[in-house]
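Student: Got chain A; can you put chain B on it based on the hints?
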Amino acid sequence: MEKLNIILIEDQREVLEAIAKDLEPLEDTFMIEECESAKEAAEVMETILTQGDYVGLLISDHVMPVKSGVEFLIDVSKDHRFPHTKKILLTGLATHQDTIQAINNAAIDRYLEKPWKSDQLIHYVKQLITEFILDTGIPYEPYLDQLDKAILFERLRKTT
Amino acid sequence: MNTTSKKTDRIKLSIAIITPVIILLIPKTWFPIQNLTVIEHRVIALFVFAAIFWILEPVPIYATSILIIVLELVFLSDSSLYPARGEGENFGVVMSHKEIMSTLASPVILLFLGGFFLAMAATKYRLDQNIARVLLHRFGENPKWVLLGLMIITSFFSMFMSNTATTAMMLSILIPVLKIFPAGDKAKTAFILSIPIAANIGGIGTPIGTPPNAIALKYITGATMTFGKWMSFGVPFVIVMLILSWVLLLIFFPAKTKTIRLSITGTFLTTPKAILVYITFIVTIFLWLFDFIHGMNAYVVAMIPVGVFLSLGIINKEDLKNISWDVLWLVSGGIALGLALEKTGLAQHVIESIPFESFSPYVVILAAASIGLVMANFMSNTATANLILPLLASLGTTVAGLENVGGSQLIVLGTTIAISLGMSLPISTPPNALAHATGEIYTNDMSKIGVMIGLIGLIFVIILMIILQYINFLT
Numbered sequence: 001m002e003k004l005n006i007i008l009i010e011d012q013r014e015v016l017e018a019i020a021k022d023l024e025p026l027e028d029t030f031m032i033e034e035c036e037s038a039k040e041a042a043e044v045m046e047t048i049l050t051q052g053d054y055v056g057l058l059i060s061d062h063v064m065p066v067k068s069g070v071e072f073l074i075d076v077s078k079d080h081r082f083p084h085t086k087k088i089l090l091t092g093l094a095t096h097q098d099t100i101q102a103i104n105n106a107a108i109d110r111y112l113e114k115p116w117k118s119d120q121l122i123h124y125v126k127q128l129i130t131e132f133i134l135d136t137g138i139p140y141e142p143y144l145d146q147l148d149k150a151i152l153f154e155r156l157r158k159t160t
Numbered sequence: 001m002n003t004t005s006k007k008t009d010r011i012k013l014s015i016a017i018i019t020p021v022i023i024l025l026i027p028k029t030w031f032p033i034q035n036l037t038v039i040e041h042r043v044i045a046l047f048v049f050a051a052i053f054w055i056l057e058p059v060p061i062y063a064t065s066i067l068i069i070v071l072e073l074v075f076l077s078d079s080s081l082y083p084a085r086g087e088g089e090n091f092g093v094v095m096s097h098k099e100i101m102s103t104l105a106s107p108v109i110l111l112f113l114g115g116f117f118l119a120m121a122a123t124k125y126r127l128d129q130n131i132a133r134v135l136l137h138r139f140g141e142n143p144k145w146v147l148l149g150l151m152i153i154t155s156f157f158s159m160f161m162s163n164t165a166t167t168a169m170m171l172s173i174l175i176p177v178l179k180i181f182p183a184g185d186k187a188k189t190a191f192i193l194s195i196p197i198a199a200n201i202g203g204i205g206t207p208i209g210t211p212p213n214a215i216a217l218k219y220i221t222g223a224t225m226t227f228g229k230w231m232s233f234g235v236p237f238v239i240v241m242l243i244l245s246w247v248l249l250l251i252f253f254p255a256k257t258k259t260i261r262l263s264i265t266g267t268f269l270t271t272p273k274a275i276l277v278y279i280t281f282i283v284t285i286f287l288w289l290f291d292f293i294h295g296m297n298a299y300v301v302a303m304i305p306v307g308v309f310l311s312l313g314i315i316n317k318e319d320l321k322n323i324s325w326d327v328l329w330l331v332s333g334g335i336a337l338g339l340a341l342e343k344t345g346l347a348q349h350v351i352e353s354i355p356f357e358s359f360s361p362y363v364v365i366l367a368a369a370s371i372g373l374v375m376a377n378f379m380s381n382t383a384t385a386n387l388i389l390p391l392l393a394s395l396g397t398t399v400a401g402l403e404n405v406g407g408s409q410l411i412v413l414g415t416t417i418a419i420s421l422g423m424s425l426p427i428s429t430p431p432n433a434l435a436h437a438t439g440e441i442y443t444n445d446m447s448k449i450g451v452m453i454g455l456i457g458l459i460f461v462i463i464l465m466i467i468l469q470y471i472n473f474l475t
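Chains A and B are the protein sequences, given in the same order. Taken in order, the first sequence gives residues 1 to 160; the numbers are from the numbering used here. Taken in order, the second sequence gives residues 1 to 475; the numbers are from the numbering used here.
A couple of the hints might just be wrong.
Distance condition first, Cα-Cα at most 25 Å in a straight line; then the derived SDA-like pairs of lysine to any residue [stated by the list, open to error]:
| # | chain 1 | residue 1 | chain 2 | residue 2 |
| --- | --- | --- | --- | --- |
| 1 | B | K7 | A | D28 |
| 2 | B | K124 | A | T159 |
| 3 | B | K321 | A | L144 |
| 4 | A | K158 | B | A45 |
| 5 | B | K448 | A | D145 |
| 6 | B | K124 | A | F132 |
| 7 | A | K149 | B | K124 |
| 8 | B | K179 | A | I151 |
| 9 | B | K144 | B | L262 |
| 10 | B | K179 | A | I122 |
| 11 | A | K3 | B | V177 |
| 12 | B | K12 | A | G52 |
| 13 | B | K12 | A | I138 |
| 14 | B | K12 | A | F30 |
| 15 | B | K6 | A | D53 |
| 16 | B | K317 | A | I138 |
| 17 | A | K158 | B | K273 |
| 18 | B | K321 | A | G137 |
| 19 | A | K149 | A | W116 |
| 20 | B | K321 | A | Q127 |
| 21 | A | K158 | B | A433 |
| 22 | B | K7 | A | E2 |
| 23 | A | K149 | B | K273 |
| 24 | B | K317 | A | F132 |
| 25 | B | K317 | A | P83 |
| 26 | A | K149 | B | V177 |
| 27 | A | K158 | B | T265 |
| 28 | B | K317 | A | E131 |
| 29 | B | K124 | A | I138 |
| 30 | B | K317 | A | E2 |
| 31 | A | K3 | B | A63 |
| 32 | B | K179 | A | V15 |
| 33 | A | K158 | B | Q129 |
| 34 | A | K158 | B | K448 |
| 35 | B | K124 | A | T136 |
| 36 | A | K3 | B | S5 |
| 37 | A | K126 | B | A433 |
| 38 | A | K158 | B | G266 |
None of these hints come from the bench; they were simulated from the model.
Bound conformation, chain A alone (with noise of 0.2 Å):
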């Protein structure tokens, strides 16, 4: 089975360990690397890469020093080696100039305003873990449990 992971990326650890709690539900079937900073995350996904595992997914705040979760989603939006990775913005803080520019150039999947629910927030991952297994051709079946059952299908009944 394919080694997935799903990167945290909260400058506040408390917070960064909240999140990571909300995802414990999914962490016998994919890997959870928390990160504190963009620094931190773009260097776990150069590891990450050159194990040949894949980058699912990015959980990202938007307020952080040095990089801002804006700024680090658009980097790895135009970075051509992580073409099917989905990004989620976790966020309170965004401006509304902050969140046209991760619509339009960091190309984000999702927008959660903080405080999020983990229902939603758990909702959204499978969602977007779902698309990105189907979308890059890994066999889905060692995940089937934690997938999006809606995506699945429809993406299913569409193959012959």
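Tutor: Same frame as chain A, now just chain B:
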């Protein structure tokens, strides 16, 4: 968890590679077959390789199929690697590399390609969903009849579409309405289970219903097996099995809810392209059924929708990428394996060396169908057919009295049907896996019904074969 699964993967791969190598290293004289040739020895190793790879799945099953073709080309063909070549009676008969390669485009593969084009066009223009909507409407709101309706529609679609795609479509219709069942109403289980069961059974109905049928067609050659002829026994069998499953589901999971309303939205598309899809669909099926009027066999007819849909842009370049080439190549590998058994003479050689004449033909039939059924419960139905059917096909006339029960071709047919009845576990078939993944049913409910359908189905298969033999169906 990832480290342990990586470890099991590595163990599986090692077993899968080492075992066939050991078979190759064993001296030829140790095999209980007289005068085994070098080539035949390699075919035995290839068969063991195929069986282990398809059972343990260290690589995807379609990759195993392609590996079979590659290994045949490199080690068994008339254009093989120099060190693998040899001469003389002791060396044996090599295979034609052209023949090995042509398995990738053999008539049954193209028949399936035609089927895929029809299914893809139907889904793209929402024909499937609209037919489901119109039909389902007629079954009212009594849960009992709605359940029957769902099963009839599902099995009807799976005769022409893949069992997996059909299940995905029907489950996506069903899941949103499951909330209406009060907690503890067993009918929910009945409804979810009905979809994979009906999809698995429906595949038996036509030659293009499910890939094992393609492999069976490959071996039912002497007799004339046409599309219509297959349906003439396939559809009645599907109906009998559907009624059986419906009754079982009603008995074990009775509904407390008095009414259930399933609504599917949409209207038939009336754009010129959509209408062309409808016409092509109907004309193709008509041509398949009435080959005796126009003379084109099922394989030739299958190419017509391919030509029509491509030239009209109904199926475009992007859609072509979504054709399940993996399924086609999975079948090709099976055909290539059968080809190796036949062309190198191994099949005949083995049959001559085993005292089959001492077996009762009825034992042979029951054993073949049971082995098929059991294997299909644990592994891919197509891979099961790939392994068993070529062996059965070569049984030929060696079993005394086999002709009284229809000969090897009828056994191939019966075993193919039995393979489609393997559905007692979530891993048995992709439809089962999808239904299980809804998280709304228990594995033991699936197993309870699946085992009963398998065992009673096996009896029905035997009855069907007796009837077909009685009316001299294959001659």
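Student: All hints are to be evaluated individually against the structure, with a verdict given for each.
Tutor: Do the hints match the structure? See the list:
At most 25 Å may separate the alpha-carbon atoms for a hinted pair to count; K7 (chain B) and D28 (chain A) meet this at roughly 16 Å. Between K124 (chain B) and T159 (chain A) the CA atoms are separated by roughly 10 Å; this keeps the pair inside 25 Å, and the hint holds. Between the alpha carbons of K321 (chain B) and L144 (chain A) the distance comes to roughly 23 Å, so the proposed pair stays at or under 25 Å and holds. Distance restraint check for K158 (chain A) and A45 (chain B): the Cα-Cα separation of roughly 38 Å exceeds the 25 Å cut-off, and the hinted pair is therefore not satisfied.
Proposed proximity of K448 (chain B) and D145 (chain A) is supported: the alpha carbons are some 22 Å apart, at most 25 Å. For the given pair, K124 (chain B) sits about 22 Å from F132 (chain A) by alpha-carbon distance, which is consistent with the 25 Å threshold. For the hint linking K149 (chain A) to K124 (chain B), the alpha-carbon distance of about 20 Å falls within 25 Å, and the restraint holds. As the CA atoms of K179 (chain B) and I151 (chain A) are separated by approximately 19 Å, the hinted pair is consistent with the 25 Å bound.
With a C-alpha separation of about 13 Å, the suggested pairing of K144 (chain B) with L262 (chain B) holds against the 25 Å cut-off. Restraint check for K179 (chain B) and I122 (chain A): the C-alpha separation of about 21 Å stays at or below 25 Å, so the hint holds. Under the criterion of a C-alpha separation no larger than 25 Å, the hint pairing K3 (chain A) with V177 (chain B) is inconsistent with the structure, at around 35 Å. Between K12 (chain B) and G52 (chain A) the alpha-carbon distance is near 21 Å, which keeps this suggested pair within the 25 Å criterion.
At roughly 20 Å between alpha-carbon atoms, K12 (chain B) and I138 (chain A) fall within 25 Å of each other, so this suggested pair holds. Of the supplied pair hints, the one linking K12 (chain B) and F30 (chain A) holds, its CA atoms being roughly 22 Å apart against a limit of 25 Å. This hinted pair checks out: K6 (chain B) and D53 (chain A) have alpha carbons roughly 13 Å apart, not beyond 25 Å. The straight-line distance between the Cα atoms of K317 (chain B) and I138 (chain A) is roughly 22 Å, inside the 25 Å bound, and the hint therefore holds.
For the suggested pair K158 (chain A) and K273 (chain B), the alpha carbons sit about 18 Å apart, so the restraint of at most 25 Å is met. About 12 Å separates the Cα atoms of K321 (chain B) and G137 (chain A), which keeps this hinted pair within 25 Å; it holds. For the given pair, K149 (chain A) sits about 23 Å from W116 (chain A) by alpha-carbon distance, which is consistent with the 25 Å threshold. For the given pair, K321 (chain B) sits about 23 Å from Q127 (chain A) by alpha-carbon distance, which is consistent with the 25 Å threshold.
For the hint linking K158 (chain A) to A433 (chain B), the alpha-carbon distance of about 17 Å falls within 25 Å, and the restraint holds. At most 25 Å may separate the alpha-carbon atoms for a hinted pair to count; K7 (chain B) and E2 (chain A) meet this at roughly 13 Å. Annotation: proposed proximity of K149 (chain A) to K273 (chain B) is violated, straight-line Cα distance about 31 Å (limit 25 Å). The straight-line distance between the Cα atoms of K317 (chain B) and F132 (chain A) is roughly 22 Å, inside the 25 Å bound, and the hint therefore holds.
The hinted pair formed by K317 (chain B) and P83 (chain A) meets the criterion: a straight-line CA distance of about 21 Å does not exceed 25 Å. Pair hint K149 (chain A) plus V177 (chain B) holds up; C-alpha atoms about 14 Å apart against a cutoff of 25 Å. A hinted pair counts as satisfied when its Cα atoms are at most 25 Å apart, and K158 (chain A) with T265 (chain B) qualifies at roughly 18 Å. The suggested pairing of K317 (chain B) with E131 (chain A) holds, with an alpha-carbon distance near 22 Å, which does not exceed 25 Å.
For the given pair, K124 (chain B) sits about 24 Å from I138 (chain A) by alpha-carbon distance, which is consistent with the 25 Å threshold. Between K317 (chain B) and E2 (chain A) the alpha-carbon distance is near 29 Å, which puts this suggested pair outside the 25 Å criterion. Distance hint between K3 (chain A) and A63 (chain B) is fulfilled; the C-alpha atoms sit about 20 Å from each other, no more than 25 Å. At most 25 Å may separate the alpha-carbon atoms for a hinted pair to count; K179 (chain B) and V15 (chain A) exceed this at roughly 35 Å.
Between K158 (chain A) and Q129 (chain B) the alpha-carbon distance is near 12 Å, which keeps this suggested pair within the 25 Å criterion. A hinted pair counts as satisfied when its Cα atoms are at most 25 Å apart, and K158 (chain A) with K448 (chain B) does not qualify at roughly 31 Å. A distance of roughly 22 Å separates the Cα atoms of K124 (chain B) and T136 (chain A); the hinted pair therefore holds under the 25 Å criterion. Taking the CA atoms of K3 (chain A) and S5 (chain B), the gap is about 11 Å. The hint holds against a cut of 25 Å.
Between the alpha carbons of K126 (chain A) and A433 (chain B) the distance comes to roughly 18 Å, so the proposed pair stays at or under 25 Å and holds. Restraint check: the Cα-Cα separation between K158 (chain A) and G266 (chain B) comes to about 17 Å, which is no more than 25 Å; the hinted pair holds.
Checked against the numbered hints given earlier, this structure breaks hints 4, 11, 23, 30, 32 and 34; the rest are met.
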